[in-house]
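A.B. asks: Line by line, the protein sequences are chains A and B. Start counting the first sequence at 2; every next residue gets the next number (my numbering). Start counting the second sequence at 2; every next residue gets the next number (my numbering).
Keep in mind the hints are simulated off the structure, nothing from the lab. Because the structure is a prediction, the values reported are computed rather than measured. Glycine included, each C-beta is placed from N, C-alpha and C at the ideal position. There's no promise every hint is true.
Chain A regions said to be covered by chain B (calculated; three or more residues, Cβ under 8 Å) [as the list claims (entries may be wrong)]:
#: 1; region: 59–68
#: 2; region: 73–84
Pulled from the structure, derived: some chain B residues nowhere near chain A, Cβ distances all over 12 Å [to be verified]:
#: 3; residue: Gly57
#: 4; residue: Asn78
#: 5; residue: Glu83
#: 6; residue: Asp85
#: 7; residue: Leu89
#: 8; residue: Thr102
#: 9; residue: Gln103
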Amino acid sequence: AQKVTQAQTEISVVEKEDVTLDCVYETRDTTYYLFWYKQPPSGELVFLIRRNSFDEQNEISGRYSWNFQKSTSSFNFTITASQVVDSAVYFCALSRDAGGTSYGKLTFGQGTILTVHP
Amino acid sequence: ETGVTQSPTHLIKTRGQQVTLRCSSQSGHNTVSWYQQALGQGPQFIFQYYREEENGRGNFPPRFSGLQFPNYSSELNVNALELDDSALYLCASTAKGFQETQYFGPGTRLLVL
């Protein structure tokens, strides 16, 4: 069975602070995909990143960066110089490789509520 | 904007009633997945449709059913509504195959009284 744990329920920071959102996952699959989604108050899940389990290279996109460590089953997300517009719920998700009879079911964590104060 | 649309945006029903939620997938996307998100929780996978057939189902009872149409739009039907069915229902569409990224619509907020 697959499981995603986001231990931080809520994080509150002041604008321009850096913040890291933790994600730990469990899977027996050797090939899988990891995702981060952002959910603003409007409710729509906004895709941020997808990472294949074979690709452990860290990625940076503007103020966002992701640290994938297969050895510790973690896929952490850092926002540098946070802004008020970053306030949202952030979800980490896991899906198995859709070979054979598998399908792209996403298993989500419980989410981390990020509040950035001015 | 993902191009995935859902209707209605909000809905209020009473226990025991039936409801139909609709989703139009992004152009070129042939796979649609449905998720239920209870308040304060992460989304839970309901089922997925690929080329008009159910292709995987989560831990939901048979009163949750769906359809996918030739234009790849989809419906989620819930019979005999229960209070615990109150949630945000999210639809996601995917291009080509199952491992592609899922892009979500804005959701339908269902309240069961």
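A.B. asks: None of the hints should be skipped; say for each whether it holds.
C.D. replies: We went through each hint and held it up to the structure:
As drawn, the region 59–68 of chain A meets chain B at 0 residues by the rule of a beta-carbon pair under 8 Å; below three, the given contact is violated. Beta-carbon proximity to chain B at under 8 Å applies to 0 residues in the region 73–84 of chain A; the threshold of 3 is not reached and the given coverage is violated. The claim that Gly57 of chain B is not at the interface with chain A is violated, since a C-beta of that chain comes within 12 Å of its own (minimum 4 Å). No Cβ of chain A approaches the Cβ of Asn78 of chain B within 12 Å, the least distance being about 20 Å, so the stated non-interface status holds.
With 12 Å as the threshold on Cβ separation, the claim that Glu83 of chain B sits away from chain A holds: the shortest Cβ distance comes to roughly 22 Å. With a minimum CB-CB distance of about 18 Å to chain A, Asp85 of chain B clears the 12 Å threshold, and the non-interface call stands. At roughly 6 Å from the closest C-beta of chain A, the C-beta of Leu89 of chain B falls inside 12 Å, breaking its exclusion from the interface. Annotated as non-interface, Thr102 of chain B brings its C-beta within 12 Å of a C-beta of chain A; the closest such distance is 5 Å.
Gln103 of chain B, annotated as away from the interface, has a beta carbon of chain A within 12 Å; the closest lies near 6 Å.
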